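Participant: Residue numbers (the working numbering), protein chains in the order written: chain A, 1 to 462; chain B, 1 to 462.
If you are wondering where the hints come from, they were derived from the structure by calculation, not from laboratory data. Some hints could be false.
It does not matter which identical chain is meant; a pair holds if it fits inside one copy or across any two.
[What the hints assert, rightly or not] Lysine to any residue pairs mimicking SDA-like chemistry, simulated, CA-CA at most 25 Å apart:
| hint | residue 1 | residue 2 |
| --- | --- | --- |
| 1 | K437 | E23 |
| 2 | K369 | N132 |
| 3 | K428 | S449 |
| 4 | K58 | S449 |
| 5 | K429 | D191 |
| 6 | K58 | K444 |
| 7 | K103 | Y277 |
| 8 | K399 | V334 |
| 9 | K317 | A336 |
| 10 | K433 | T108 |
| 11 | K260 | H386 |
| 12 | K433 | D395 |
| 13 | K93 | N256 |
| 14 | K218 | G288 |
| 15 | K437 | S449 |
| 16 | K278 | V413 |
| 17 | K414 | R212 |
| 18 | K218 | E241 |
| 19 | K271 | G327 |
Nothing here was measured: the structure is a model prediction, and the numbers come from that model.
Take a look at the letters that make up each chain.
2 protein chains.
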Amino acid sequence: MSDINIISLFESILDKSSIITGEKLKSRFYHIWKTDIPLESICLLLPKDTDQVSAILKTCNDNNQEIIVHGGLTNLVGSTKSTKNQVVVSLEKMNNIIEIDEKGKTVTCESGVIIEDIINSVKEKDLLLPLNFGARGSAQIGGAVSTNAGGLRVFKYGMTRSLVLGLEAVLPDGTLISSLKKLMKDNSGYDLKQFFIGSEGTLGIVTKVVLRLYQHPKTRYTALAVTNDYQKVLNLLRFMEDKISKNLTAFELLWNDTYKQMVSDKTMYNKYLPDNYKYYVFIEYMGGDFENDYNTFEKAVMETLEQGLVDDAVLGKNEKEQLNIWGIREDVAVLAEEKKFDQQFDISIPVAQIGEVIDKTINELKNCKGVETIFPFGHVADGNIHFIIGKNSDDDDLKSNINEIIYSNTELVKGSISAEHGIGLDKKKYLIKSRSKDEIELMKLIKKSIDPKNILNPGRVF
Amino acid sequence: MSDINIISLFESILDKSSIITGEKLKSRFYHIWKTDIPLESICLLLPKDTDQVSAILKTCNDNNQEIIVHGGLTNLVGSTKSTKNQVVVSLEKMNNIIEIDEKGKTVTCESGVIIEDIINSVKEKDLLLPLNFGARGSAQIGGAVSTNAGGLRVFKYGMTRSLVLGLEAVLPDGTLISSLKKLMKDNSGYDLKQFFIGSEGTLGIVTKVVLRLYQHPKTRYTALAVTNDYQKVLNLLRFMEDKISKNLTAFELLWNDTYKQMVSDKTMYNKYLPDNYKYYVFIEYMGGDFENDYNTFEKAVMETLEQGLVDDAVLGKNEKEQLNIWGIREDVAVLAEEKKFDQQFDISIPVAQIGEVIDKTINELKNCKGVETIFPFGHVADGNIHFIIGKNSDDDDLKSNINEIIYSNTELVKGSISAEHGIGLDKKKYLIKSRSKDEIELMKLIKKSIDPKNILNPGRVF
Chain A
1 MSDINIISLF
11 ESILDKSSII
21 TGEKLKSRFY
31 HIWKTDIPLE
41 SICLLLPKDT
51 DQVSAILKTC
61 NDNNQEIIVH
71 GGLTNLVGST
81 KSTKNQVVVS
91 LEKMNNIIEI
101 DEKGKTVTCE
111 SGVIIEDIIN
121 SVKEKDLLLP
131 LNFGARGSAQ
141 IGGAVSTNAG
151 GLRVFKYGMT
161 RSLVLGLEAV
171 LPDGTLISSL
181 KKLMKDNSGY
191 DLKQFFIGSE
201 GTLGIVTKVV
211 LRLYQHPKTR
221 YTALAVTNDY
231 QKVLNLLRFM
241 EDKISKNLTA
251 FELLWNDTYK
261 QMVSDKTMYN
271 KYLPDNYKYY
281 VFIEYMGGDF
291 ENDYNTFEKA
301 VMETLEQGLV
311 DDAVLGKNEK
321 EQLNIWGIRE
331 DVAVLAEEKK
341 FDQQFDISIP
351 VAQIGEVIDK
361 TINELKNCKG
371 VETIFPFGHV
381 ADGNIHFIIG
391 KNSDDDDLKS
401 NINEIIYSNT
411 ELVKGSISAE
421 HGIGLDKKKY
431 LIKSRSKDEI
441 ELMKLIKKSI
451 DPKNILNPGR
461 VF
Chain B
1 MSDINIISLF
11 ESILDKSSII
21 TGEKLKSRFY
31 HIWKTDIPLE
41 SICLLLPKDT
51 DQVSAILKTC
61 NDNNQEIIVH
71 GGLTNLVGST
81 KSTKNQVVVS
91 LEKMNNIIEI
101 DEKGKTVTCE
111 SGVIIEDIIN
121 SVKEKDLLLP
131 LNFGARGSAQ
141 IGGAVSTNAG
151 GLRVFKYGMT
161 RSLVLGLEAV
171 LPDGTLISSL
181 KKLMKDNSGY
191 DLKQFFIGSE
201 GTLGIVTKVV
211 LRLYQHPKTR
221 YTALAVTNDY
231 QKVLNLLRFM
241 EDKISKNLTA
251 FELLWNDTYK
261 QMVSDKTMYN
271 KYLPDNYKYY
281 VFIEYMGGDF
291 ENDYNTFEKA
301 VMETLEQGLV
311 DDAVLGKNEK
321 EQLNIWGIRE
331 DVAVLAEEKK
341 FDQQFDISIP
351 VAQIGEVIDK
361 TINELKNCKG
371 VETIFPFGHV
381 ADGNIHFIIG
391 KNSDDDDLKS
401 NINEIIYSNT
411 ELVKGSISAE
421 HGIGLDKKKY
431 LIKSRSKDEI
441 ELMKLIKKSI
451 DPKNILNPGR
461 VF
């Protein structure tokens, strides 16, 4: 079918202002960081509700028309790229928070709502949506669900998967699968929402979600501790889990080079502790007891020093100090800006093996010509380590060498090439390092049974 | 193919002692409570490893032979029933705990291991497997995973789904899908383990699992509180979440009739609090701080009294008192023994609506001729309420009337007809009260794509 004909079909579904074509497409883009590259597409569609999404999908399916789905365009694996023969559907107009259920502690919203808007809205009711990652001010909840986003609070609250209670999605043929339930437990048949969470929009377009909320914590305290021994990092984690139990909300790690960079004169951050230790552990405590929480946390941190679990430690005594400490951990854009070219990773490794695997990986990267800076850091308690690697060129061989080093070391310990970001287009080549051939065949079988014409987000994942 | 011929094919896979036929089948049964009913089956197979499971499935698939899978036979929805034309595969010989990873806090085991054996083995290493339900001494881990079992610790640790890090399963055609990873985060392609968890053995036979473990708590305290107002139950839950945060490990509810029965002269339990309140809340605190935990918990409970959040409350001051209090909650066999005939339910309802829904349901049940006792209780913080309903006969119309009352009230608030037990054979008729026609069609589509010959646990779920 010609472009004109397919657009005319969409005109019977959407009003004209919701169908972006021609010149106007040039002001649209496929990634939030790439606003200078105009979008390639037959047209971009802006449905206002689930019925319109369903009608669009049915039309595309009937006409073998490929569709690429857009959320907040913060995806890091190329998933939102499109070609001039594809139709793009953006959920941005489906941005209503439908209900905040204070008693039941749930929020129901459309897919296009920006995550930070949900966080702020529920906070007014003293509730917490624990999704928390750098892109929260742009990322949409539908994208977070489709990619099973992670972030800084996974250790306590789990990935996005564990926050989704109910979900509505439209299948590639337009069928509506709606289960907007507020239930913590439901074993009535297959848990279909699990199929849509984390499958990167290849099995259906998520249109609405019900998320679980938590009581908003009243207190938040932070400590920074140092050691030269990875075994001590593990012991410290165990000690903290023991002492402050589930009030332990984050346990993050920076390696020496990364810390040095974050407290260098390129940033505003006070370093608090010397920059000559191998490991820097960032510990967060959140609780509900104003009177006792600080004492409980301080006591635990003091004990780690007395028992020699760490070489030194400092407590964030006030809001300013805490912001400074978390800035050192979170403001990772500083690491990417160091070199013109960089590669970023989000591998997953069994927690106990992180020390040795990262040492080995760093050594191999240091011997790789073209690599200039190596910044590892991450959510150590979740086994999720990020790398930002600065390079002197954008050369394909260099890119490939670096991928090979990182992913082979990951594969050796049965790790994952993606803890959080997903596979998209960019990591397809390396999927076989995380998953067996039979696993990938099963993924393809499921995709084929639900999207036999391969029209929805085609070419993503495998 | 004749029975003799299919058995001869199994003889090339298993030694003879692992193929139970003829007279010997009469000493086998399909449910742990029904040891007087001999198993119907062509034969019962006892594979010793995954390769044998794979070969059995391939043989059955090639010969259109239906298979029913047996674990610990504690399922409550008829899932393990078989006919004389079906082959039964029991995982009982695959009962090795393969590895307890103390540093990484994981346990890897075969499917046939009894849950209590895992609990005890990991406890020796100061670790906790938080799966905890009445049948843990017989139930096998493979069954718990296949049915996504719940229990008493779901509020803090989640259902079985949230404990599974890695999984190995065999597809109906014998293909091995192995992903025995110890990763907390893995977004490398579809999360295939989610397809096998909770699908009641219809998509594959789970052969091995990697489970997440937790530090074993050092302290455990219990309180029992009473009120006549469901809103106060909700306020109490919120207060406790606030004050003792994630140390709150259980928040369970008994209605008046249930409490009365549990502290009647038919049991050994001391009642501690008068039996004239409407609601009895059981609160559990677990932590890691010997010195402060009791004070923290006592203070929180005292505050609930001072603030009028509850009408009365008592703390379990020693092990004996705690066992008594939890006995009142857990020893529910007493409720089923009251009448000769009974029906049991495990519905899921949004937490905020439990008060009104259960009131309405009880009133309707009271007007249902043949109903003699009504005992509601459950995991209120998870929204999961159980009913044990005593009757004067096993009449089908009565059974159907009771089902209709419970499930219709559940449907009205978008609840689930099964929070924990699953659908199996017994609840198929009512699945439509929890799931839409299109959802059930999608389940069938997935089943058909993975098990096109419908040989594995056929007829279960839908």
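Participant: Does each hint fit the structure? Answer for all of them.
Facilitator: Hints and how they fare:
no., hint, verdict
1, K437 - E23, "neither (44 Å within a copy, 43 Å between copies)"
2, K369 - N132, "neither (36 Å within a copy, 54 Å between copies)"
3, K428 - S449, "both (21 Å within a copy, 24 Å between copies)"
4, K58 - S449, "both (16 Å within a copy, 22 Å between copies)"
5, K429 - D191, "between (30 Å within a copy, 18 Å between copies)"
6, K58 - K444, "both (21 Å within a copy, 21 Å between copies)"
7, K103 - Y277, "between (47 Å within a copy, 23 Å between copies)"
8, K399 - V334, "within (21 Å within a copy, 67 Å between copies)"
9, K317 - A336, "neither (30 Å within a copy, 56 Å between copies)"
10, K433 - T108, "between (37 Å within a copy, 21 Å between copies)"
11, K260 - H386, "within (16 Å within a copy, 57 Å between copies)"
12, K433 - D395, "within (22 Å within a copy, 58 Å between copies)"
13, K93 - N256, "neither (44 Å within a copy, 50 Å between copies)"
14, K218 - G288, "both (5 Å within a copy, 21 Å between copies)"
15, K437 - S449, "both (18 Å within a copy, 18 Å between copies)"
16, K278 - V413, "within (22 Å within a copy, 55 Å between copies)"
17, K414 - R212, "between (31 Å within a copy, 16 Å between copies)"
18, K218 - E241, "both (20 Å within a copy, 11 Å between copies)"
19, K271 - G327, "within (11 Å within a copy, 54 Å between copies)"
Comparing the model with each earlier hint shows violations of hints 1, 2, 9 and 13; every other hint is respected.
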